[in-house]
Amino acid sequence: FQSLTLTDDLALRQVLERHGGKVAGSVGILVRAYVSGRLSRDELANSFDALTRDSTLHLSWSFRSYLNTLLNELP
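Position 40 of the sequence shown, counting from 1, maps to 40 under this note's numbering, and the rest follow consecutively.
Since the hints were derived computationally from the structure, they do not count as laboratory data.
Label-pair restraints from in silico Cβ distances:
| # | residue 1 | residue 2 | range |
| --- | --- | --- | --- |
| 1 | 5 | 50 | 21 to 27 angstroms |
| 2 | 28 | 53 | 15 to 21 angstroms |
| 3 | 68 | 21 | 26 to 32 angstroms |
| 4 | 20 | 42 | 33 to 39 angstroms |
| 5 | 36 | 5 | 14 to 20 angstroms |
| 6 | 12 | 32 | 14 to 20 angstroms |
| 7 | 13 | 64 | 18 to 24 angstroms |
Glycine is no exception: its CB is placed at the ideal position from the N, C-alpha and C atoms.
Construct all of the structure, not just a fragment, from the sequences and the given hints.
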């Protein structure tokens with residue numbers, strides 16, 4: 001696996017990672033967009049909120065807490 005794989009499927013993520021693949025899910029894509037200057041901090045925060053509020057993804061409360069911590073730790 002030489003290229004980045006974008007997925008939110010946990011089983012696929014685990015297979016790819018076991019075989020040395022680089023995997024990014026929704027949060028990883030958003031953080032990359034922020035780091036590369038494609039999203040502002042406010043847009044990133046709004047995107048995190050939308051993921052936790054509107055997404056069909058199952059996001060636990062601990063993961064939501066992680067997103068808040070991540071947002072506070074990014075430059």
